[in-house]
Amino acid sequence: MLDITDLRVAIGGRDVLGGVHLSLRQGQVHGLAGESGSGKTMTGLAVLGLLPHGARATGTIALEGRDLLGLPQKELNKVRGGEVAMVFQDPATSLHPMLTVGRQLTEHMRHHLKLGRAEARERAVELLGKVRIPGPSEAFGRYPHQFSGGMRQRIAIAIALACEPKVLIADEPTTALDVTVQAGVLRLLRGLCDDLGLAVLLVTHDLGVMSAVADQVSVMKDGLVVETGPRAEVLRAPSHPYTRSLLDSLPDAPAPLAAGLADGAAEDSQEDRRADGESA
Amino acid sequence: MTTLDIRDLVVEHRSPGRPVVRAVAGASLTVSPGEVVGLVGESGCGKSTLARAVCGLHPAAEGEITFDGRRVTPLGLRRRALTGIQMVFQDPYASLNPRRRVGDQIADGLRTAKDTTTAPADLLERVGLPREFAGRHPHEFSGGQRQRIAIARALAARPRLLIGDEPISALDASAQAQVARLMRDLAVGSGAGLLFISHDLSVVRLIADRIAVMYLGKIVEVGRTEEVWADPRHPYTRALLAAIPQPDGLGVLPAELPGDVPDPADPPPGCRFHPRCPHVMDVCRVKEPDFGPAACWLHAPE
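Residue numbers (numbering that gives the first Met the number 0), protein chains in the order written: chain Y, 0 to 279; chain R, 0 to 301.
It is possible that some hints are incorrect.
[Stated by the list, open to error] Here's a subset of chain Y near chain R, in silico, CB distances under 8 Å, partners left out: (1) 147; (2) 182; (3) 206; (4) 230.
Source of the hints: derived by calculation from the structure; they are not laboratory data. This structure is a prediction, so every number in the text was calculated from the model and none was measured. For glycine and all other residues, C-beta sits at the position ideal for the given N, C-alpha and C.
Same shape as in the complex, but just chain R (with noise of 0.2 Å):
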């Protein structure tokens, strides 16, 4: 049973004298109930954009998405059917409004779950809020919190999936482990599925059950996160996690990747990832490796 399940998705963004960017260029993913998948890559390889199609703000140009069993369709003006799908946006400065009492947000939440016996205050106390805070508004509140307050609306409305776009990026660091392990605690102990995005490898190892590495539209690796942390088996994943320094007081410099990601507009021909790869073959530069977990012709299947 799998509670969301994206096939072959395209999404493509289009603006007028500029060729079309095919931000996510057929990715498949799936996420089970009470599972949290881990969706990591650099800047720019459309791992926002994804989730942003998953809950409808982005229409999908091809392939589908299937969220318990029924097709997400773009969100309109109207009152949307579904709710089921929650997000908790990276900014929580921007994402709360200002203007309003946090419990009165958190109301709208419950509102759309038909939850006449839950208080707001009581979802406070589960993101680790005082009650009283409910009467308050959101700049009385550190970036910490009010993201956690922006959880709270999001489980107020009983989500079967959650989704995470980069929701710790924007807090201290002393903040961002917390707020990761409590939004895995919260979507796990209710049995919604968790998609958390986040470039910062070693928050997605902390909580993640899988982990999926997007690069350039493409998912090209996916598995277990033990498995993955300990044998990486695309290049890039290698390479990523080459890359993290370790605290290890040796002062040794991380690994860098040459080049830069390739424009979105334009990929390369073959592999997406063959200018960069250390290990580029003579097939990787004609062929897509379009197989999984590891979408790499290194590991191709027999």
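Just chain Y, same shape as in the assembly (with noise of 0.2 Å):
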């Protein structure tokens, strides 16, 4: 469906990706895991053209055979919101909050599909129905900060599916969450997945949310994929010894507390180095 290859992204001289290789399947979600900085976002953002200003990408992202990198701003503005849709982390700052939820919903479905007034609202009431959002004809004239954050979260899915997309890419769509909304909103994607025949990137960097719904996992690590494979592989026998250490690193595992401590030092002082970079 979507074949990202060698993908190399650098920001003002820097590598922030390294040769990413991914292929994301009709009807199964990716997961995508690794620490912050290592590059998933970016890979989500050079998708939909969304990098940075000055940001360079070369490799190709192919889907179904166009490459999307090589496109005119033109045709891109075709396939974001069209083809490929995205789903942000924080509904708070995603949803625009002087408009409708219905506007929101209806504006790229007359653009994308050229449908009608009347004809994309009734698409609209459908698609919230289909998000679970109680009483979807009501919730059309609403405005978003009269629902709830995993209510926001789920009208922006359905905002992301309205033109029927084949590609989702969703950056962290749970982090903002409470759990057991978390569990809601993960039930929903993956019944949509399997529904609709989507290919979701999913983008965390929680192991527990990534084991739940995703098929395929990918590790990155400093701008590279470490490794690839189905879910129970990676998750229960995972090959590199990246992977194995953010297993162990989490709570569940019987670390002892002092290894953790020890970790965390080691990071630190990556974290310290990195802000001293930035500042010089």
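Using the hints, put the two chains back together into the complex; each one sits in its own frame.
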């Protein structure tokens, strides 16, 4: 469905991604794990052509044979929101606070699918029902602040799905949510993926979330994919030492506290160095 | 000996034209010196309001809060006497003054404790940052480093109770466990109590001696961390723990808790959890369980 080969991204002369290979299949959730700064989010943004200013990307991102990296802006605009959609981390900031949910749901539908006002509305209400918002037709006229965090994320997912995308990129979609709400959103994502045959790229640092919904798991470190494989293999019998260290650092792992603290110190100095580099 | 004693605390939010919201509706909790108490619950359950009431940032409508035998009164604009309680807030991007050097901000804390021997740099060292960072401004630091500075500032005032109101939720995942452990080590090391508020159960489990679970303004279960984790008694605690996805590679979707959190302005009668509870009985709909450690009719005392 979507094949990323040798994707390299450099921002201001610094390599952020150093040759990423990933392939998404229809009806499957592909999990992308790794710590912050490993390039998970950049990979997601590169697919949509949303990289920050001054970023240079090379390699290929092929959506059904078409290279998205080489597309002119106008063509890319048809892909974004149409064929590839994205769900962001924080639904409180990704939804527009001053527009009704209905407006945000229908705007791109009318643009991409060329639907009329009434048709778009009908489809929007249907979508709200599909993501299990209670009272979809009333919800259509409400504003984002009138919904809880979990409901807002469901709305963001509905917006992403409105134009029947083939690929959905979900960047930490449940990180800002409570565990009980997270469970609901994860079930929804999995269900939609199975029913609609979406290819989902799920970016998350939470290996538990990964284990719950992903079919394939890739682990990233320093801009490179260090391990890819089926969920059970990567999480139960990791072959790369970095994946093992990630799994060992989980609170459920019977790792001694002292070892965890030593790890923490090592990561600390790394963090400090990064900050030093930035300020210098 | 307890440092902090909260008894039947009620905190109300009043806004014109809206019904009164009882954000905290009769909660009791104690924190002892050198003890870490984790307060968990979904967003909107009143955890933060409780923390703010303990600091005197919200007046208590009923019940009382005593700190070292003295009542906590609402904080005014005047110089406060109560510097024994210090708080670390959620967002270190907002809680540090962007225009002042971090060393000066830490020095404020030292001044309130009338401490003339410690230098701000000593505190930076204690939170694991280089001494020379004292001359820098907050924008030069990453989120994790800023939160360490906020912790250093809170510790400078020599608190006997440290409160962390979601201190890790604005941080990157890799920094969360480190900062939480650091708070625990520093608080326990100085003999202070720590009230650690978070919606992230896995981190609370890592650092807390006792866990208090809050639902819709009430504390529904309190217990030693290992016991609550191994044998949760209240159905809500069970649902919370069951909702945590396990990284076992089996592809098991976490259990979903049906329904939404009810409106705190109009809580359900009887037990507040009964509309969502899988074990609901007749008594739950009419009578509120007001006992501990698990406030549930399934575990009613004889």
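Please list, smallest to largest, the hint numbers that this structure does not respect. Hints that this structure does not satisfy do not exist here, as all of them hold.
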